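There are 2 protein chains.
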Amino acid sequence: MALDRSSLVPALINIAVRLRIDSVKSTSEAGSGHPTSCCSAADLVAALFFAEMRFDPKNPRHPGSDRFVLSKGHAAPLLYAAWAEAGAFDRAELLKLRLIGSDLEGHPTPRLPFVDVATGSLGQGICAAVGSALNARRIKSDYRTYCMIGDGESAEGSVWEAAQTAAVDALDNLCGVTDVNALGQSRPTMWRHDLEALARRWRAFGWHAIIVDGHDMNAILDAYAEARGVSGRPTMILARTLKGKGISFAEGKDGWHGKPLKKGEELERALAEFELQFVPAPPGVNLPQQIPAPASLPMVAPAPRPMPPPAYKAGAQVATREAYGTALAKLGEADERVVALDADVKNSTFSDQFEKVCPDRFYQSFIAEQAMVGAAMGLAARGAIPFPSTFACFLTRAADFIRMAAISGVGIKMAGSHAGVSIGEDGPSQMALEDLAMCRAQPNIAVLYPCDAVSTERLVALAAYHPGPVYIRTSRPKTPVIYSADETFTIGGLKVLRESRDDVATVVAAGITLFEALKAYEQLQAGGTRIRVIDLYSVAPVDREALAAAGAATGNRLITVEDHYAAGGIGDAVAEAVSDAGIQVHRLAVREIPRSGKPEELLDRFGISASHIVDAVRAVAKGKPAGVAR
Amino acid sequence: MALDRSSLVPALINIAVRLRIDSVKSTSEAGSGHPTSCCSAADLVAALFFAEMRFDPKNPRHPGSDRFVLSKGHAAPLLYAAWAEAGAFDRAELLKLRLIGSDLEGHPTPRLPFVDVATGSLGQGICAAVGSALNARRIKSDYRTYCMIGDGESAEGSVWEAAQTAAVDALDNLCGVTDVNALGQSRPTMWRHDLEALARRWRAFGWHAIIVDGHDMNAILDAYAEARGVSGRPTMILARTLKGKGISFAEGKDGWHGKPLKKGEELERALAEFELQFVPAPPGVNLPQQIPAPASLPMVAPAPRPMPPPAYKAGAQVATREAYGTALAKLGEADERVVALDADVKNSTFSDQFEKVCPDRFYQSFIAEQAMVGAAMGLAARGAIPFPSTFACFLTRAADFIRMAAISGVGIKMAGSHAGVSIGEDGPSQMALEDLAMCRAQPNIAVLYPCDAVSTERLVALAAYHPGPVYIRTSRPKTPVIYSADETFTIGGLKVLRESRDDVATVVAAGITLFEALKAYEQLQAGGTRIRVIDLYSVAPVDREALAAAGAATGNRLITVEDHYAAGGIGDAVAEAVSDAGIQVHRLAVREIPRSGKPEELLDRFGISASHIVDAVRAVAKGKPAGVAR
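Line order of the protein sequences matches chains H and X. Quick note, the first sequence lines up with residues 66 to 695 if you use the working numbering. Quick note, the second sequence lines up with residues 66 to 695 if you use the working numbering.
Check the hints yourself; a few may be wrong.
Copies of one chain are not kept apart here, so a pair can be met inside one copy or by any two copies together.
In silico EDC-like cross-links for lysine to aspartate or glutamate, where the CA-CA straight-line distance does not exceed 16 Å [to be verified]:
#1 Lys584 <-> Asp680
#2 Lys161 <-> Glu94
#3 Lys584 <-> Asp155
#4 Lys663 <-> Asp281
#5 Lys378 <-> Asp551
#6 Lys328 <-> Glu338
#7 Lys560 <-> Asp608
#8 Lys205 <-> Asp234
#9 Lys318 <-> Glu552
#10 Lys663 <-> Asp168
#11 Lys324 <-> Glu387
#12 Lys663 <-> Glu94
#13 Lys324 <-> Asp400
#14 Lys689 <-> Asp645
#15 Lys584 <-> Glu665
#16 Lys687 <-> Asp645
#17 Lys421 <-> Asp155
#18 Lys584 <-> Asp669
#19 Lys123 <-> Glu330
#20 Lys123 <-> Asp608
In case anyone wonders, no lab produced these hints; they're calculated from the structure. Please read these numbers as outputs of a predicted model, since none were measured by experiment.
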């Protein structure tokens, strides 16, 4: 920036006024939105976009450009106004805010090229910003990541997970801005304007904290400059602002959250007030045309090398969670974009195998699953292929992040280990029995559930290159390798493992229950009864045609068996898939809160062991319903 | 406590040694568990149970007794040993740890009378402890709540949500203890033994923090006494400990997490070491027999008064979220056990109506949904009837808490507003489209989804007195009142709103889509086609018989329509319910990530409007599949 402050400051003040006008106009036109939450932050955003960040408005996705994550997503109109001001699109578009035909939605989504991750569920953007900052380190770029959060938002625990992760990783390329307007949605925030209270928190969490008047352009510029100079830790700028700044009748007043100005007198009055806030500016200053380009070309990862085929012997006993770790390490060696994230369970999920071979691309989130998944979202949005893994049950801790990852469409590759009652003695708190329901509910998450080491390795590789989010479910107990190294798998596929012309029913299993199904097959065969056995390793999407065909070939009798609660998992997935084919599905699943015990005891106690499958086959073959009703 | 320190301290030291012995023996016998995580905390627990807390070992649920929540649930063997030492049950039971026939599970659950909420998913116990402390205030009891967390656990954002809530509410009846053993599962914690770093955090969050040597019994007693004297804010005791304390070959060493000592030489060596740690104690001191009784009898809430019937006129336009607020306020006036919790959206969920009439029983969690649901768990465990409410999509933030609430079986009554695409312009981040899947996945959560104000009010009252967790889903738009005030509802019921002998299909709807179904009914009727219309206000459990009967009476044609994603919601619930009856279910649901727009545009765009229902009815009546495959 060659401009001196005497030229820069008035130009920025005028931009901030324009951003306020745009935010107010567009929300009034839409008839909904959060204009006062935009007005408090307008000066901070004006300075950031037009005197601090390096980016290309025409190519917002440039891999070396500085990033801005609007964690307080309800200030979307301000974000859109800033990008319009920068020249990314025509300002007239702003008046289409919130219309079904416009990508300028109520809260930002990556349908817009300048949005990395969807925000609007508070406390998530800053977790993604940590991932973006980690990514800069990964690609050896000096791009900086800026993230604006709200003061009300600062009550979310995930904000503090992000804070500690960023501090532990010494992310001095990350700069947060808290728009401390003191007013939440329904009441004052817990800190009101006690900025020191907030600063104490950030400092206690290892950040450099700067308190600033968020409507003093000189002070804002100083703060950004100071943040840029801080080394070894991230910076949080805590800006004292007024909600509705610039609108005399709303400024600093409660009761204005999420309320557009009424078109007509109310809006006109505000616009007239804004007009008076423009200041004389030196001629010839055009900040949008002076935005500095991204400073450096980042490293381009070499093309991925082919992964060597799985090296397992048939019959070897390998837990799928362990095969996951092995696969992840091989994948990491083959493709430098692959990164892994852990929440202090790497020796249980076996992601420590990845850490051993790719320590620079292994990120430790400690026991903070929201920060882990959130950072993965930011990494994925910036070109990495992130595998966050923990116990499957603890991924539910990040359920809202997974929801937002689905909305964002970002390619995070989640892996959850220790699924189901088959973990045994640790008891229900450690058993994931609703993880399939959680991930399958989202319309764009692929859900994979391998039963052996070979399929695990193949599915991990498929997951990496699948566009969008993927969930891989692994199990604690060792299971025999049943597939040969050259077996092929597809997302949306299944394997028919046993079949004959005489099959009286099809048993659809996955993961640990596949082996119960195979045991049931043996027992039934000994008694002269044949069944078809399907390994449904892809739970979402499912292979409808193959399931329907198997059902049709086996007397329209499909039995699902899953180490998961009865609702939302494999039973529901199969039932929906074959519903148009008129096939009934009988479900074996866990139907009550389980307890501690030995894995095999629990599989039997909760109705999903081989003997229950045998009973179910015999029942449905006689035309009776199998499985226990809820 | 009449004992002086010279008698007390050696007696406590010896109890701590016994607790270590029991923890080590029981985990070795079980062949799994976390003995070293017990050993670090044994001195802290010994002092707490036998020189600080007031309780009745024979009646752990006494409403006036001090509470102990073991948030670091993996130290369960220590908890069990302490209760055995106190005389709650026979010490010999400890050797049944983790067996399927014992309630001494791998992590604590309320199957045990001295456990309020299940722990083992880290960072949750302390949120529940906040609820327990709030409850003491509610019932005007001076009981104190103690909560032990791990240092690794302190990375969970929910811990900091609990911290801020407790500080804002000035809970000086809450005392936390952090067992800072410096070792996580897979590596050292981020703070290792930097207790000052942890103290800075707690102080910044408004707590009184005390740093103590967690193996110095005198210092521990001093800390508890100091905490008891602190007024106006909660206290966190940060105790420097060694993981595996007392076992020379494990003490302070990495690699011992979750690992029992091998029976035989390894175990015997440790036991021999423990024997040498007993100290000479004065005769006649029997601390377990000297535990002080609960100090005061708490207030007993008066019997609930009958709620006046709903006061709505047929056809009045009332959003179910608003009716929820009205119902909650009426319920709160009728029953003093009812409390409400908010996450700064009370003016959108209308829980502010409750705050107006019962301000003392309204708890503000600010934007911290995990703390809100966690506090509700603690309140429910102590006899309150808590209604935590927020936008339905933000309840997913607490998904892991909901999972643990289900395991705990505690009667939290969650209400989620703004469900589905029908919220309109705010966009996908604010639309709950997976909340039914989340709650329905749990085998013991009742899921209710009213369509009008009358049914909302009736279902809120039913929820309050239903044993166990309940989820109530409400909508943003206004809908007409269709039920009369004397209509009766049951959990597990449904209403057939339109029926005739000539119905060609049954449309099953709930909430906002019920009105689309009624519109479709009118349109079809105008063309001479009759359909049956069902209001499935109880999504879990569902009325299987009535659904099957409706299906059978309408050509085996059931069409579900829901403002929810296709997986895990009403379609799956109905399909499972009627699967044994051989009825096919055709599903209309949201099948892709939605976007901003007007509510009616979105209902139509995403396939769940009246016109889609009409099309589906016509298609299935001709024998064609309806609805779009995933």
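Now for the hints, and whether the structure bears them out:
no.: 1; hint: Lys584 <-> Asp680; in the structure: within (13 Å within a copy, 46 Å between copies)
no.: 2; hint: Lys161 <-> Glu94; in the structure: within (8 Å within a copy, 68 Å between copies)
no.: 3; hint: Lys584 <-> Asp155; in the structure: neither (65 Å within a copy, 41 Å between copies)
no.: 4; hint: Lys663 <-> Asp281; in the structure: neither (65 Å within a copy, 38 Å between copies)
no.: 5; hint: Lys378 <-> Asp551; in the structure: within (12 Å within a copy, 69 Å between copies)
no.: 6; hint: Lys328 <-> Glu338; in the structure: within (15 Å within a copy, 80 Å between copies)
no.: 7; hint: Lys560 <-> Asp608; in the structure: within (10 Å within a copy, 36 Å between copies)
no.: 8; hint: Lys205 <-> Asp234; in the structure: within (15 Å within a copy, 46 Å between copies)
no.: 9; hint: Lys318 <-> Glu552; in the structure: neither (65 Å within a copy, 44 Å between copies)
no.: 10; hint: Lys663 <-> Asp168; in the structure: between (53 Å within a copy, 14 Å between copies)
no.: 11; hint: Lys324 <-> Glu387; in the structure: neither (52 Å within a copy, 18 Å between copies)
no.: 12; hint: Lys663 <-> Glu94; in the structure: between (62 Å within a copy, 13 Å between copies)
no.: 13; hint: Lys324 <-> Asp400; in the structure: neither (48 Å within a copy, 35 Å between copies)
no.: 14; hint: Lys689 <-> Asp645; in the structure: between (21 Å within a copy, 9 Å between copies)
no.: 15; hint: Lys584 <-> Glu665; in the structure: within (13 Å within a copy, 52 Å between copies)
no.: 16; hint: Lys687 <-> Asp645; in the structure: between (23 Å within a copy, 13 Å between copies)
no.: 17; hint: Lys421 <-> Asp155; in the structure: neither (50 Å within a copy, 47 Å between copies)
no.: 18; hint: Lys584 <-> Asp669; in the structure: within (13 Å within a copy, 48 Å between copies)
no.: 19; hint: Lys123 <-> Glu330; in the structure: neither (37 Å within a copy, 71 Å between copies)
no.: 20; hint: Lys123 <-> Asp608; in the structure: neither (42 Å within a copy, 57 Å between copies)
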